[in-house]
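Heads up: the sequence lines are chains D and A, in that order.
Residue 29 is where the first sequence starts when you use the working numbering, and the numbers rise one by one after that.
Residue -14 is where the second sequence starts when you use the working numbering, and the numbers rise one by one after that.
Heads up, some of the hints might be wrong.
BS3-like mimics (lysine-lysine), calculated; alpha carbons at most 27 Å apart, straight line [unchecked claim]:
#1 A:LYS163 / D:LYS66
#2 A:LYS120 / A:LYS163
#3 D:LYS85 / A:LYS115
#4 A:LYS77 / D:LYS43
#5 A:LYS120 / A:LYS150
#6 D:LYS66 / A:LYS115
#7 D:LYS66 / A:LYS150
#8 D:LYS33 / D:LYS66
#9 A:LYS(-8) / D:LYS43
#10 D:LYS33 / A:LYS163
#11 D:LYS33 / D:LYS43
#12 A:LYS122 / D:LYS85
Residues from chain D that face chain A, not an exhaustive set, calculated with beta carbons under 7 Å [as the list claims (entries may be wrong)]:
#13 TYR70
#14 VAL72
#15 ASN73
#16 ILE74
#17 ALA77
#18 SER78
#19 LEU84
#20 VAL86
#21 ASN92
#22 LEU94
#23 VAL99
#24 ARG102
#25 LEU143
Because the hints were derived from the structure by calculation, they are not lab data.
Quick caveat, the model's predicted, so the values are computed rather than measured.
Cβ coordinates follow ideal geometry from the N, Cα and C atoms, glycine included.
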Amino acid sequence: MRCQKARSFLSAYCKNELGSSLSSAIAEHLSTCHQCQKEESYYVNIIDASRLLPELKVSGDFNNRLLNRIVKERFQETKNKAYLPKRPPLFSFTRAVPVMAAACLILVAGYFTVLDKEIVTAEENYSSFENSLDDSYLTAKPRYSRVNQTTSLHKDWSFDEELAKVSRVNRISNLLTNNGSGYFSSGNTHLASNNSRLYLPYATSYYRMKPVLKIYIKTEKLQIREDAVEY
Amino acid sequence: MAKESAKDIDFRLMKATQNGDMVAYSEIVDRYKDRLMHVIGRMLSSREEAEDIVQETMIRVYQHRQSFNFQHCLSTWIYTIGLNLARNELRKRKKFKFYDITEMPGNQAEISVEMKLPSRLPQFLNNAIKNLPEKYKMAFILRDVQELPYEEVATVLDVPLGTVKSRVNRARLMLREKLQPRLEDMNAVSKSTLLPVGLL
């Protein structure tokens, strides 16, 4: 065996880590080679010194500190697991999935709703544009009509007085409109409750309506006086 | 009756620990705390840090006692946990400064005992180990200082068996190169005083 090969195995040889055949071959080489013997002595010294390295030891109260810590951790573990209800995690995948699915559905539904509304709004805009050209103003009605208003009669109410009042109003109206086809035409007497017609903002020639006064008189049985309907 | 091997003792103690026997656990701690300190103390810069890591290792052993696989050695498991924790600590601090026993506070008594020994070679060797690259240092400490079998060192370091053998051999070669001048001086003194090198 050559020196180079023998030296590569020398450290293992000194630790008795080689097989018997290789070990005997190296021993044979060492018996004849002084340089390799010197090398071997170095390794032997190093191996002996490695066994004499100062041992590091833990401090004396190591066991006590360790057991105290274990006791503390076991107490915490018992406290957490046995006595207190386990807190559900803030975020869990199984809970997040239905929430996310619901959120997606809401988003999709909301999107289509907004889209429909936009289409409808566009149609409405177009129709309102068309409607803006109509002539509905020609048939406009008074905003505060008292035609169908029911008036409860107080106890001093007198039919004759009301009739006289209406006749007076009718006369004044005829004087103002100065024709016989006005609102309060003489041929067909209708009862109006007040004289607000004098201040109508509309021209009387455009105004066509037939006010009807229905008078209900409270008796033991609710009944309508047929003759009063005539007025 | 055949003598119970170290592995059998470990397994018996671990089974008892799994059944809640704290005395058995204390025995495991007593068996491994100093061995672990011997290895981790050479990786970290201070004694307190090394002791904290050893304590944390023992806590992990207790916490995960039920997950121990009886197909492996207990020593391998404990060394793996300890070395991983030590590596994490070093990575956290970005400080790969290895422990120097002469600078370690609170260890003066042991040093003084060591200094009373006739040879100064272990101290030189300790300094030389300190300057080794990490991977060679770990392989050398586990194999030659702790005297673990190669297979166990391979499992602890999580490298192939051949790699471990190569690293250990390389570490010995590097130490021999570093210590050669001192060893030659010692050999010369040994010849003149007729004292063996081990006593110089």
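*Hints breached by this structure*: Failing hints, ascending: 4, 14, 21, 23, 24 and 25.
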